[in-house]
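Work out the full structure: start from the sequences and follow the hints.
First to last, the sequence lines map onto chains A and B.
Numbering-wise, the numbering used here puts 273 at position 273 of the first sequence, and it's gapless, one number per residue.
Numbering-wise, the numbering used here puts 1072 at position 72 of the second sequence, and it's gapless, one number per residue.
No incorrect hints appear here.
Listed below are the simulated DMTMM-like cross-link pairs for lysine to aspartate or glutamate, each with C-alpha atoms no more than 25 Å apart in a straight line:
1. B:Lys1022 <-> A:Asp205
2. B:Lys1022 <-> A:Glu208
3. B:Lys1065 <-> B:Glu1053
Some but not every residue of chain A turned toward chain B, in silico, with C-beta under 10 Å:
4. Tyr15
5. Ile46
6. Ala274
If you are wondering where the hints come from, they were derived from the structure by calculation, not from laboratory data.
Even glycine gets a Cβ: it sits at the ideal position worked out from N, Cα and C.
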Amino acid sequence: MVIDPVAVSGMKEGYFDRLRRKMGHSEGWVAFLFLLPNLAGFLLFILVPIIATFGLSLFQWPLIRAPKFIGIRNYLQLFTADSGFGRVLLNTLYYVIVYVALNLVVSLATAVWLAKKRPGQNIFRAAFFLPVLVTPVAIALIWQWIYNPSYGLLNFALHAFGITGPNWTGDTRWAMPALIFMSVWELFAYNMFIFIAGIQGIPVDLHEAAFLDGAGAWMRFWRITLPMLSPIIFFGTTMTLITSFQTFDQVFILTNGGPGEATNILGLFVYNNAFQYFRMGYGASIAVLTFLLILTVTIVQFLFQNKWVYYESVR
Amino acid sequence: MKASGKGAMVADSQSGLQYLGKTLNYIALIAVSILLLIPFLWMIATSLKPNGEVMSVPLQWFGSKIVWNNYAQAMTFLPFGIFIANSLIVGIFGTLLTLLTSSLSAYAFARLRFKIRDKLFLAYLATLMVPQQVVIIPMFLLMNYFGWVNTYQSLIIPWAFTAFGTFLLRQFFMAVPFEFDEAARLEGATHFGIYWRIILPMSKAGLATLAVFTFQTYWNNFLWPLIIVNKQNLMTLPLGLGRFQGQFGTQWNLLMAAATISVIPALLLYIFAQRYIVAGIQFSGLGGR
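Dropping the structure here:
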């Protein structure tokens, strides 16, 4: 991950210069005491497990027996012998690509719509936002009932238009679209709020100047809102990609990977291998590959950002 | 006179159009809001139906009578009171621990000078990108080693040392002017005194934002409790809901009553802490800018 320390610090340059001037000498031991509680936990519960996962992936460990070092055989098995893994990878890519694309389009469109200040805006925003707050498990239960082929609300509504709806979560062709649709409904408002903040941060005089030059609303969206918002859209895309690769709760409750393997995705695959079949080393190797996949996608994102992300020149 | 009259007419029809546009916009907003809320309305409607009428064709929004008893029945099948209590315990203690450790380390990163500060901070930030799946297997083995499987501490402690909390509070602390520290220093305050009596009180919005965000994360977490807890008296609400589905998968009115019970806390949290929830999202979204 490439991180620009100045952007990350969020402060005008010189904060730490001023800190040096005001505070004088280095305060290593005080800093150590302040850091200790968080740092100890951070090392034990985050850094060590991250490293341990890589190590574990080189072992065969069925939990009831002692771990046995097997080199890269877990990885070899994943790519050559485990036919399920290829399917899981394809499913995951299908889910991630369609979900992220839909999420961004919907969240951007609604953000533009709701960014304008108007009376009662908080009520509308709350209605859009409620699904984000509710436990994903409850959301998946509600949708399982809505998707019910015989008594579900969705097929009932479709029936009114003369359409006989499919068995959404029980049909291999429809289970993934059903999962994606639910996920977009559940989570798009998260990005929407981020984009609203971004839109409201765009200087009004830019819009006014364009308006005086005769630019219509559509033109202003493409020429002003979108370019000015692109760093935030970039950030939103990156974060949504990272989180969508880890989707677990919704799919576990809604379809549990079924029917057949139709919605089996990486998050579920790691869980099942490690905690249903208790193959710790094998599960770890899948987790490592998930991590590498996310890392690759993130790096590619960053490499291509200068093609479309517009950064204001540093003041 | 004539010209001005005409001008007024144009202005009139323009404001008339604007008025129409605004009204249509509001109607559209209301329609979309209702459409988005329909799953929840359907959940509540189902939760109040008598047993025999849940699965009926054609579907009705309301049953022949309103059966509040579904809620009582759902609560007797599984102890939702205990699940809610567990979620509260885990959420509250997890949040307090996170606030304490994050604010201490954030003070060090924002106000103290030490050699590896910037490198260490970058290491913290880098872990924000690491998926939960990557840490969860060794975390489980560690809990197993500690003998913490099926305990509250396993639900609370491993997730209380987030880089996110340190990052968020650091940004808020850096916004507190140095002059306050200096004044306190002249009166002989220690660093802990400055942290406790100046920085913390002046960063209440940041602390509240982190508190709401953290509580929400603990409250909704499903994967970790699923792995680390299998005793019913330690289950959190999402886990209990998942269990309920396994046992009463076809009794949709009871299942929806249980789901409604789990939605209410989220609704309350939003009503009372909307400001901080939005602030937290926008903070995370803007990368702290």
